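Read off the chains here:
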Amino acid sequence: MPFGRRDANGQPPLEIRDDELLVVDDLKKHFAVTRGIIFQKQIAAVKALDGVSFRVREGETLGVVGESGCGKSTMARCIMRLLEPTSGRVVFRGRDITKLSRADMRPIRREMMMIFQDPYASLNSRKRVGFIVAEALEVHRLGTEAEVKRRVQELLEVVGLNPEHYNRFPHEFSGGQRQRIGVARALAVNPKLIVCDEPVSALDVSVQAQILNLLKDLQEDFGLTYVFIAHDLNVVRHISDRVMVMYLGHAVELADRFTLYEAPKHPYTGALLSAVPIPDPTVGRNRKQIVLEGDVPNPINPPSGCWFHPRCPRFREGHCDVEEPPLYPFGDDHVAACHYPLERWPMSEEEMRMLPQSAVG
Amino acid sequence: MALLEVTDLRTYFRTDDGIVKAVDGVSFSIEKGKTLGIVGESGSGKSVTCLTIMGLNSKRTTITSGEALWKGKNLLTMGAREFRDIRGSEIAMIFQDPMTSLNPVHKVGKQLTEAIQLHRDVTKSQARARALELLKAVGIPRPERRIDDYPHQFSGGMRQRVMIAMALVNNPDLLIADEPTTALDVTTQAQILTLMQKLQEEFGSAILVITHDLGVVAEVADEVVVMYAAQVVEKGPVERIFKRPHMPYTWGLLGSLPRLDSVVDRLVQIPGSPPSLLNPPRGCRFHPRCPYVMDVCKADDPALLPVFDDSDHFAACHLDHETKDREAAKLIAGMMAQAS
Ligand SMILES: Nc1ncnc2c1ncn2[C@@H]1O[C@H](COP(=O)(O)OP(=O)(O)O)[C@@H](O)[C@H]1O
Ligand SMILES: Nc1ncnc2c1ncn2[C@@H]1O[C@H](COP(=O)(O)OP(=O)(O)O)[C@@H](O)[C@H]1O
Ligand SMILES: [Mg+2]
Ligand SMILES: [Mg+2]
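Chains as they are written, first to last, in the working numbering: chain A, 1 to 361; chain B, 1001 to 1340.
Rather than coming from a laboratory, the hints here were simulated on the basis of the structure. Quick caveat: nothing in here was measured; it's all calculated off a predicted structure. In this text, a Cβ means the ideal position worked out from N, Cα and C, and glycines have one as well. Any given hint could turn out to be false.
Output of the computed footprint for chain A on chain B, the stretches with three or more beta carbons under 8 Å from beta carbons of chain A [claimed, not checked]:
hint: 1; stretch: 1014-1028
hint: 2; stretch: 1155-1166
hint: 3; stretch: 1206-1215
hint: 4; stretch: 1278-1287
Build the full structure now, drawing on both the sequences and the hints.
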């Protein structure tokens, strides 16, 4: 690397295309596990996020799926700078925001907002809805009192709530309505990017459909970009343009939504897909499933080599448990971290027979 | 005779705000060795239905009527001792949260052996051997090393398995499972559903599974009951419910589901939210949200009637058969067309 080709933080510069709103590069977050009360000593680290990279283009939705504990929320919080990443970079609109001071972050906070899973916990229950939505505006000092009120009522209407309900408290709304309040609050400052952390996971299907439709409409109307986190593969495919699959703090596969669901390369993606119940009794019951054994390992003490190898039906001894797979490219914009990727999907009868007996259901 | 025959079950709770009609005229039956799925959104009365059958509501605040015939005997009027003998031996229940049926301060082996000895005359070591067998049957790896662990030492999925082992202690004829996989990740859910089906084959138990997930119902149920606002709005064999649904609420549920086997731009949206059970709407309870609402729907509560050419399939809706068939066909065709 020639001298001088480093950015302000001493890192080699990233090449960023004009249409890339968010670039995440080798992002890591390790939580210290400490012992002792007075003299805290770090005895281990939880590798909650261990080197994730991806790019999000303006106006698109990047879906993120993975089972609980794989680091999705940690990643969202690092992107938002609600958590300080251990290493790596978050570049927003061409600017590395990883090391920005509080003051320098302030104007940027207005451009990236977050929506949370539990609308109740994320809303201050003692404040009126008008205040909750206005708060974002006030924090950023956008307008006079009358302007703020008008804007808030406008926002309530945009998300499908009655603007007359300006003075109600969160508990007077249903779960779906509370999520709409969360959306209104996120929209208040005209953000460019909204990071949605499981926004519909706690909702019933009919309400979930309402919120998903709303998010799609708003994206169209306001040109929003979403990072949409969920553990439900159906929901993620519905809302996303591209999808990233995470396992134990790693991105294991990333592709456009059709490719990912129709031609997955990583066995973990295959296992996730085949575990999703299909609401059609004739289709669901006749397919063969890849069944994963055991549980997700502990990120304090992750496995050697490929972190998925202890549960992988295609595991090869001496390779997968030794060498960590990089993200191999498979055609346009499709990468997967596997030494022995799936050749076809669904797997052929022959391939199914090659799997250990316990892995087929 | 059906194993369990529930007729016109009603469970009303007295509360400070008034009477909550949590279950309001629910009927269904379960045959030996079969799986019945009750599906509906939260608050529709699924859990209370099961708790009532199991006699687990507080006597003081609950008004119950109707019948729940277990092998011909009404559980709702049965004496406490007789009921206790049936519960836990002939009927067992598992919950979404395994800790509701596991005691956190005792080792799982101890809890299992005690449950075994409660209903059977066996020695401690025989009971322990049986406990090991059960842990093995539910897929706990190396059970002899886990049997003396406490519940919190197991992961979520493994704890769910321990609870299932607990429920299977006496080879129940009926296993009631209230959202058994709702708190689990998909891969763990798939493991548990597969396990339940395997155990059903092995033990011949009937299963009553409650879920809000139509996918789960489609995978495991033989018969389906759809609940809305404390009532049954549609019921029948699983393929009939999914291939020829005859009730606008069921259409809404199916259409609002993003699914792996089809691509749609917009999901079907059921407007509004479910009604309060303190004061449900007159007429059909779904009418304020129904896109097909007619005057009659606002006045008369539709009866749950058999579909004209399908006596196993029931729906509660005033729409005429032609419209229902046409709309159902349209919905299914829409999902199929986009499937490829
Ligand atoms: N503050 C923290 N301290 C220690 N470990 C944490 C902390 N926050 C999260 N973790 C751990 O990091 C991992 C990832 O958690 P999270 O990002 O919440 O996952 P997800 O959102 O995908 O369910 C988990 O193992 C979790 O226990
Ligand atoms: N002990 C109780 N007292 C008063 N209302 C109750 C009680 N238990 C449940 N309910 C109400 O009964 C309705 C049905 O509840 P439930 O059967 O738990 O719904 P589901 O399991 O379908 O989500 C809900 O409106 C709930 O608030
Ligand atoms: Mg999370
Ligand atoms: Mg319930």
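Going through the hints against the structure:
Note: the stretch 1014-1028 of chain B has 0 residues with beta-carbon separation from chain A under 8 Å; the three-residue rule is not met and the coverage is violated. Chain A is given as covering the stretch 1155-1166 of chain B, and this holds because 3 residues of the stretch bring a CB closer than 8 Å to a CB of that chain, at least three being needed. With a cut-off of 8 Å between beta carbons, the stretch 1206-1215 of chain B has 4 residues touching chain A; three or more are needed, and the interface restraint holds. For the stretch 1278-1287 of chain B, the stated coverage by chain A is violated: 0 residues have a C-beta nearer than 8 Å to a C-beta of that chain, whereas at least 3 were required.
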